[in-house]
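Go ahead and model the full structure; you've got the sequences and the hints to work with.
Heads up, the final residue of the sequence shown is numbered 197 in UniProt numbering, and it's a clean run with no missing numbers.
Think of the hints as simulated: they come from the structure by calculation, not from any bench. Only a predicted model underlies this, so the values are computations on that prediction, with no experimental measurement involved. Careful, some of the hints might be misleading.
[Unchecked claim] With beta-carbon atoms standing in for the labels, derived distance ranges:
{"hint": "1", "residue 1": "T170", "residue 2": "S191", "range": "19 to 25 Å"}
{"hint": "2", "residue 1": "D10", "residue 2": "D69", "range": "57 to 63 Å"}
{"hint": "3", "residue 1": "L193", "residue 2": "R54", "range": "44 to 50 Å"}
[As the list claims (entries may be wrong)] The calculated lysine to aspartate or glutamate pairs, modelled on EDC-like cross-linking and capped at a C-alpha distance of 20 Å, are:
{"hint": "4", "residue 1": "K135", "residue 2": "D149"}
{"hint": "5", "residue 1": "K65", "residue 2": "E146"}
{"hint": "6", "residue 1": "K2", "residue 2": "E134"}
{"hint": "7", "residue 1": "K65", "residue 2": "E35"}
{"hint": "8", "residue 1": "K107", "residue 2": "D118"}
{"hint": "9", "residue 1": "K135", "residue 2": "D189"}
{"hint": "10", "residue 1": "K155", "residue 2": "D189"}
{"hint": "11", "residue 1": "K102", "residue 2": "E73"}
{"hint": "12", "residue 1": "K2", "residue 2": "E46"}
{"hint": "13", "residue 1": "K2", "residue 2": "D15"}
{"hint": "14", "residue 1": "K158", "residue 2": "D118"}
{"hint": "15", "residue 1": "K107", "residue 2": "E146"}
{"hint": "16", "residue 1": "K181", "residue 2": "E134"}
{"hint": "17", "residue 1": "K195", "residue 2": "D149"}
{"hint": "18", "residue 1": "K2", "residue 2": "D69"}
{"hint": "19", "residue 1": "K195", "residue 2": "E144"}
{"hint": "20", "residue 1": "K2", "residue 2": "E73"}
{"hint": "21", "residue 1": "K2", "residue 2": "E111"}
Even glycine gets a Cβ: it sits at the ideal position worked out from N, Cα and C.
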Amino acid sequence: MKTVYLVDDDIAVRDSLGLLLLSHGYSVHAFASGEQLLAEIHPESEGVVLLDVRMPGLSGPDVFKLLYDMGSELIVLFLSGHGDIPMAVQAIRQGAFDFLEKPCSEKQLLERINDALDVAIGRHQLRNNQQRLEKCLSSLTPREREVMDWILQGKLNKQIADEMQIAIRTVEVHRANVFAKMGVRSALDLSQLLKMA
Numbered sequence: 001m002k003t004v005y006l007v008d009d010d011i012a013v014r015d016s017l018g019l020l021l022l023s024h025g026y027s028v029h030a031f032a033s034g035e036q037l038l039a040e041i042h043p044e045s046e047g048v049v050l051l052d053v054r055m056p057g058l059s060g061p062d063v064f065k066l067l068y069d070m071g072s073e074l075i076v077l078f079l080s081g082h083g084d085i086p087m088a089v090q091a092i093r094q095g096a097f098d099f100l101e102k103p104c105s106e107k108q109l110l111e112r113i114n115d116a117l118d119v120a121i122g123r124h125q126l127r128n129n130q131q132r133l134e135k136c137l138s139s140l141t142p143r144e145r146e147v148m149d150w151i152l153q154g155k156l157n158k159q160i161a162d163e164m165q166i167a168i169r170t171v172e173v174h175r176a177n178v179f180a181k182m183g184v185r186s187a188l189d190l191s192q193l194l195k196m197a
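Structure (structure tokens):
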């Protein structure tokens, strides 16, 4: 998932940065405008957008806002020879990962791209964990969910049986089903799984 979407109207910049990124093992998709980028990506696209600030048509901040509005998971790094401090502060306040000025060193650029990719990977894993958890939770019957709630409160099987007015053996079956469906082996594992998502 080392994908970088490079958006810059200057072909020399696109070519040089594209070659640099390719030589370091990134998958690079280069675009001459924000409009081209927006036509190619979708909200589930993953990776990092290296986005020039000043371009004909949509500016970098305009593209960034449209990405945000569409619910994009892409991490945005602004790269500009025309940046100023207020512009950089505003971009970061609005959720950009960073704002780098051209020219910047290869080392700095690659470090920030790697840092941004780490964030993108973390978001992807979190989203996958949440989807997995939702799937597991939806597989529970209403009774299993009720037993799970009691388990999470630290209740023992006998206490749960008394509260629900059912046999201890029935609680044991529901507990085993909850653990199996949730992919855990203990109440502690179950609690930690639910806290992570």
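Hints violated by the structure (numbers, ascending): 2, 5, 6, 11, 14, 15 and 18
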